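Colleague: Below, each chain spelled out in residue letters.
There are 2 protein chains.
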Amino acid sequence: MAQVLYDFTAEPGNNELTVKEGETVTITNQNIGGGWIEAQNSRGEVGLVPEDYIEVRECGDDFSISSLSHPALTTTAGSSTRASVASNGNDPWSVWNTDPSGGSNNNWASNPEGTQTGKNAPDPWGSHGHPQAYQGPAEDDEWDDDWDDMKSTGGYVESESGDSGAMQRGGAHATSMKISLNKFPGFSKSGPELYLLCKQFAKGKDKLPIYTGEVGPVWSYPESQLDCIVHFHTNTVNHRYKHFDWLYERLLDKFGSAIPIPSLPDKQVTGRFEEEFIKMRMERLQGWMTRMCRHPVVSSSEVFQLFLTYKDEKDWKMGKRKAEKDETVGVMIFSTIEPEAPDLDLIEVEQKCDQFSRFTKAMDDGVKEILTVGHEHWKRCTGPLPKEYQRIGKAFQNLSTVFTSSGYQGESTLTDALTAAGKTYEDIAQMVAEQPKKDLHFLMETNNEYKGLLGCFPDTIGVHKAAIDKVKEADKLVATSKIAPQDKVTMGKRASTMSYALQAEMNHFHSNRIYDYNRVMQLYLEEQVKFYETIAAKLRQAHSQFTTM
Amino acid sequence: MAQVLYDFTAEPGNNELTVKEGETVTITNQNIGGGWIEAQNSRGEVGLVPEDYIEVRECGDDFSISSLSHPALTTTAGSSTRASVASNGNDPWSVWNTDPSGGSNNNWASNPEGTQTGKNAPDPWGSHGHPQAYQGPAEDDEWDDDWDDMKSTGGYVESESGDSGAMQRGGAHATSMKISLNKFPGFSKSGPELYLLCKQFAKGKDKLPIYTGEVGPVWSYPESQLDCIVHFHTNTVNHRYKHFDWLYERLLDKFGSAIPIPSLPDKQVTGRFEEEFIKMRMERLQGWMTRMCRHPVVSSSEVFQLFLTYKDEKDWKMGKRKAEKDETVGVMIFSTIEPEAPDLDLIEVEQKCDQFSRFTKAMDDGVKEILTVGHEHWKRCTGPLPKEYQRIGKAFQNLSTVFTSSGYQGESTLTDALTAAGKTYEDIAQMVAEQPKKDLHFLMETNNEYKGLLGCFPDTIGVHKAAIDKVKEADKLVATSKIAPQDKVTMGKRASTMSYALQAEMNHFHSNRIYDYNRVMQLYLEEQVKFYETIAAKLRQAHSQFTTM
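Protein chains in written order, with UniProt numbering: chain S, 1 to 549; chain B, 1 to 549.
Calculated from the structure, these hints are not laboratory results.
It is possible that part of the hints are untrue.
Below are the EDC-like pairs computed for lysine to aspartate or glutamate, each with C-alpha atoms no more than 16 Å apart in a straight line [unchecked claim]:
{"id": "1", "chain 1": "B", "residue 1": "Lys387", "chain 2": "S", "residue 2": "Glu533"}
{"id": "2", "chain 1": "S", "residue 1": "Lys387", "chain 2": "B", "residue 2": "Glu376"}
{"id": "3", "chain 1": "B", "residue 1": "Lys387", "chain 2": "B", "residue 2": "Glu426"}
{"id": "4", "chain 1": "S", "residue 1": "Lys530", "chain 2": "B", "residue 2": "Glu533"}
{"id": "5", "chain 1": "S", "residue 1": "Lys394", "chain 2": "B", "residue 2": "Asp365"}
{"id": "6", "chain 1": "B", "residue 1": "Lys394", "chain 2": "S", "residue 2": "Glu533"}
{"id": "7", "chain 1": "B", "residue 1": "Lys488", "chain 2": "B", "residue 2": "Glu473"}
{"id": "8", "chain 1": "B", "residue 1": "Lys530", "chain 2": "S", "residue 2": "Glu533"}
{"id": "9", "chain 1": "B", "residue 1": "Lys394", "chain 2": "S", "residue 2": "Glu376"}
{"id": "10", "chain 1": "S", "residue 1": "Lys394", "chain 2": "B", "residue 2": "Glu369"}
{"id": "11", "chain 1": "S", "residue 1": "Lys394", "chain 2": "B", "residue 2": "Glu473"}
{"id": "12", "chain 1": "B", "residue 1": "Lys387", "chain 2": "S", "residue 2": "Glu376"}
{"id": "13", "chain 1": "S", "residue 1": "Lys387", "chain 2": "B", "residue 2": "Glu369"}
{"id": "14", "chain 1": "B", "residue 1": "Lys317", "chain 2": "S", "residue 2": "Asp365"}
Keep in mind that this is a model prediction, so the values were computed, not measured.
All chains should be modelled from the sequences, with the hints used to inform the complete structure.
Modeller: Encoded structure:
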């Protein structure tokens, strides 16, 4: 059962349900995706309603954001040590694995919700998560607890001028929905053509130049890199999880065809280890923000800047409405891209695309292997191994107690030493159990974050493959007079532009990857060294208490 | 099927079987103990035959012995680092556990073969052994391979002058058997009285003085302590395992009531890990010899000296015959003991006995706990743990391979470092798997040796408890005229002598124990420190290859 927060009028033929503020409905399917849920009203009518219009009580956390602008990498280094992850619950590669010949269309078709599905999975890390954080059952949380407050103070919908709030929201979601429909089942037929065959691009849009750097095509990087610290439970600028979700949806719509936009960390799981889980979610949300800030295209986008520079409700709502009306979304993002290098021929375009496809697939396998062994290692380090060291420690101490009872003179040096050795092994047990949080955790989080990022590539690369396929069909389309000969030339040029975008994005990915893995491996090994050195020092101390008589 | 090597004439009423040299018999029970096996001849008659008279092919090893005499502890320290063990396969304490009120008689009755049974158990270490050494099935080995040679060159039986060889051997074994029968089922009724009520002790026997040292009653220690190195496959003085077995039997018969004589290391198990097993058996045989050498009473006994100072067959056989004729065996050993301190009253005697009984039982539990956790730890260190480190190492290396395929510039520093880190974890895997042999092995062996020693205490303490019970009955025996009033006084004095012997032995045990555990713990912790320091150094090296760009 859920409460309707705002009026919503169904659009005919869209399987939507008209609801009124204050009405009670039964949620029949929460996993629709795209900002919609399926609900049933008291008359038994079933249909889709915008998620935001319905009050589903969720876990409440306060977020606030401080954004900083400073020279690249220095402070980013600081923030990226708080290893952070966005994750995908299902495996977008799976179709490619089982049907390698199927190409991008099958991929889209078999995985219609793309990276979105992960968001609603109860366990976002699948079998790769940290066991502590996942053992509690998923419960209704109270994430939305002062979504109510928003409503009482007007929220960010009703006070909008122009169309009625309901229509406005409906409209906004309709836009969102249109993109989703473009991207999903119908995509392969209509998707890339939107851009490849577009007669005229929108004027005055911010252009995205692609320069030729040392490593090949690169995005235009700002002189100072943005950083952003997400505060927890402070009262400066409240950006609730819903706002993050809204930002994610906007970024996915706008950039998803060109840039992997990782899912937000899951917001639903709570339970026995709630505190630890909330901490990890914060870490991951921070990681997501940091990654977005590090992206030159995303971080300088109007919608992202709007999110970061929130000043007051009025500005926010204006900006929000503008962002939701943005039509340069989906494949149309390529219309803003301006490479400085000469056009590539289709063979090069296809080679690059295939190379990136192979690499991201292989890295996805590599990352998952690390997550699997890391997860096993985590379990051993927090389970049987410390128990064993504890038992060794106890056995030494028990023997010491027996020896003490001998009544023999000159026993105490040995028994004191044995007790100390036993306590040392108990200390080691505790160190072993606590170590994964100090090192393995960050290795896991970084790889989890990359797993999330890599999970976006099948979608992104799928757009490019579909475009290449379309360009390959161009001769036939010209022959059957579906397109003009000049259109074919345009398609080739635009496929080249897409390829530059993909190359710039891959170079960005590689550069970040090299930085991230260097950092996390350094941190991991540093902590491992400390761990083993501390154990050695403790044992050396225990050793010194025994005598050779 | 087995071949009879020498004529043997059964003694009537002893359930023995007469056999002739060259006859073929079927072994129906090899686990009789006391040097006997049960066999069936071709006419279907079944009976006991001396083990030595029958050729059972066993595993062949050559032993030789160098004995050294030198100042106490300095060289013993050297030899005791080659941690060494004799073991008992079954648990002589078990009766005490299940029936604590049963006292020594029950103990003997329920465990009629005493410490001997361990020798014939297929797995001498039970569940506590090192897994590598035990996984092979027990097979017929060729221990006895040149027992045949002995036979062809006359062996050490036929050339003996005096009685016929067969009768001599039969006689010798009859002596051994008499002791066994005294000690076992019939013991509690006749055992301690042999000594307590003996009218006159044999003259001219070597006396065993007990002095009052700082820690209480102590044996007389030689000025220089004997040490003995058992060589393997050399040709100086060949003492075959059978000779060790003969020595063990003599020592057990002669000193077993006063001094725990641990069983020899098992000689039967062979199989997949034969080489490792033979190495461990050598180590344990060395440990057994070292422990016997360290014992002031055992090491200075005629039979032990005979064994060590073997010069030629003739001297050996003469000494052997003399030893086998020794009548100061079993409880009669106490007749040679001469404490310098005044007699103890029965309450003190009983208190001491109970105290030692409690201590040895408690230590047995403590030692077994260490063996159990050590065994678990051994399995983990040689099984799942290195496999996990290997998988971590492989995962890093696989990721490195993927990264190498990126085609991105400036990749090699990271990929080289990742590969090195992966190899480091593979190194660590190997170190983890090999470490138990360097440290845990010696901790296990020392505790195994003590398990064997402690397993002898129920027998030794049982003798004392039976004597105490007998002294308690003295008044009743006087009243019913079974003994004279003077006999009661004699019994009390002799129980006091026995108590001094037990106290001297316990003080010897404690002193050795403190030395042994100090040494083995030092060795263990030293190796553990090295292990963790080496890992830390390797990881530090791996760490240094990553850069912060």
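Colleague: Work down the list of hints and note, for each, if the structure agrees.
Modeller: Cross-check of the supplied hints:
1. B:Lys387 / S:Glu533: Between Lys387 of chain B and Glu533 of chain S the Cα gap is close to 23 Å, so the pair fails against 16 Å, i.e. violated.
2. S:Lys387 / B:Glu376: It holds: about 11 Å lies between the C-alpha atoms, which stays within 16 Å.
3. B:Lys387 / B:Glu426: Within the cut-off at roughly 9 Å; holds.
4. S:Lys530 / B:Glu533: Holds, at roughly 10 Å.
5. S:Lys394 / B:Asp365: Given pair Lys394 of chain S, Asp365 of chain B holds - Cα atoms ~13 Å apart, limit 16 Å.
6. B:Lys394 / S:Glu533: violated, 24 Å
7. B:Lys488 / B:Glu473: Between Lys488 of chain B and Glu473 of chain B the Cα gap is close to 9 Å, so the pair holds against 16 Å.
8. B:Lys530 / S:Glu533: holds, 10 Å
9. B:Lys394 / S:Glu376: holds, 14 Å
10. S:Lys394 / B:Glu369: holds, 9 Å
11. S:Lys394 / B:Glu473: Violated: Lys394 of chain S and Glu473 of chain B sit about 44 Å apart, past 16 Å.
12. B:Lys387 / S:Glu376: holds, 11 Å
13. S:Lys387 / B:Glu369: Holds, because 14 Å separates the two Cα atoms, which is no more than 16 Å.
14. B:Lys317 / S:Asp365: violated, 75 Å
Checked against the numbered hints given earlier, the structure breaks hints 1, 6, 11, 14 and satisfies all the rest.
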